[in-house]
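K.L.:
The lines below spell out each chain.
There are 2 protein chains.
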Amino acid sequence: MKKDIIFNVIKNSPNSLTAEEIYNDVSQDIDVNLSTVYRTLNNLVEKDLVTKVVRQDKIAYYELANSEPKHYLICDKCNNAYSTDMCDLDKIARKIKRETGFNITSHTLEFHGICPECLKNVK
Amino acid sequence: MKKDIIFNVIKNSPNSLTAEEIYNDVSQDIDVNLSTVYRTLNNLVEKDLVTKVVRQDKIAYYELANSEPKHYLICDKCNNAYSTDMCDLDKIARKIKRETGFNITSHTLEFHGICPECLKNVK
DNA sequence: GTGTACTCGCAAATGATTTGCGTATTTTTT
DNA sequence: AAAAAATACGCAAATCATTTGCGAGTACAC
Numbered sequence: 009m010k011k012d013i014i015f016n017v018i019k020n021s022p023n024s025l026t027a028e029e030i031y032n033d034v035s036q037d038i039d040v041n042l043s044t045v046y047r048t049l050n051n052l053v054e055k056d057l058v059t060k061v062v063r064q065d066k067i068a069y070y071e072l073a074n075s076e077p078k079h080y081l082i083c084d085k086c087n088n089a090y091s092t093d094m095c096d097l098d099k100i101a102r103k104i105k106r107e108t109g110f111n112i113t114s115h116t117l118e119f120h121g122i123c124p125e126c127l128k129n130v131k
Numbered sequence: 009m010k011k012d013i014i015f016n017v018i019k020n021s022p023n024s025l026t027a028e029e030i031y032n033d034v035s036q037d038i039d040v041n042l043s044t045v046y047r048t049l050n051n052l053v054e055k056d057l058v059t060k061v062v063r064q065d066k067i068a069y070y071e072l073a074n075s076e077p078k079h080y081l082i083c084d085k086c087n088n089a090y091s092t093d094m095c096d097l098d099k100i101a102r103k104i105k106r107e108t109g110f111n112i113t114s115h116t117l118e119f120h121g122i123c124p125e126c127l128k129n130v131k
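If you're matching them up, the sequences are chains A and B in order.
Quick note: the first sequence uses the working numbering, first residue 9, plus one each step.
Quick note: the second sequence uses the working numbering, first residue 9, plus one each step.
If you're looking for bench data, these hints aren't it; they were derived computationally from the structure.
Hints are not guaranteed to be accurate.
The list treats identical chains as interchangeable, and a pair is accepted whether it falls inside one copy or across any two copies.
Stated by the list, open to error - Simulated pairs of lysine-lysine, PhoX-like, Cα-Cα distance not exceeding 20 Å:
#1 K60 - K99
#2 K85 - K10
#3 K55 - K10
#4 K60 - K85
#5 K85 - K105
#6 K105 - K60
Starting from the given sequences, assemble the full structure and let the hints guide the process.
P.N.:
Structure representation (structure tokens):
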């Protein structure tokens, strides 16, 4: 069924995707409705197979759950998102847990700025 | 003018506010339209007086610019947001800049989990 | 005083996402 | 395998935060 096809698109994508990107991709192979994509996506998120992250642009991005942490470098010029694992947040999370008693289960981190590509073009 | 009143609400609030919260607050004193609040907010953000952060709930939160970094502990039960500065992201940002050439200008960090209050009630 | 620039309110538009509902399609039960 | 129960899906309309067009009101400049 369509759920598998949608899930595969996410599984095979190196970066997180919007519902629309997923819809466009899936549409090339099968006939599907955008609302079905959204419904399926919510389903996959509920089942913890997919992670949904809302970024500053207010659009939800989906990616495989348990894939590496959701830390992005987002270029404010070209709007591309690069992910990075260059961050030791787990340590910080543990510290917060220890010192505040807040039971942290997930986190999102978004760096904004200008990517090297765009920096070149500015000059 | 109304811009000052709106700005003051933000200035005097210890935590970040939604447009609607600001609207409700301001409405107690003066007659104002919600679209004016939004327009003013965008204005203040443009002038770098106010910072806008979109959280995972897809709602924009506004706070005084240059106030401490935007790191939140958000409880998924009560939905309260606690801010924390217990994180050394500037160091990480510098490292990323150094190693990738990405020119980072800002960042947002959101921890999700259950706050100590709600943890108590669960049991 | 007349022009020019803001500031606002109001109603309508936007855009991502959700939902109601009727119809297929699959799965379970007998 | 047929009937019953549960899902999956398309379509159109609804949602909800936020934005925008437009016309009226207000302020400050020449």
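K.L.:
So, against the hints stated earlier in the document, which numbers end up violated here?
P.N.:
Result: hints 1, 2, 6 break, sorted rising.
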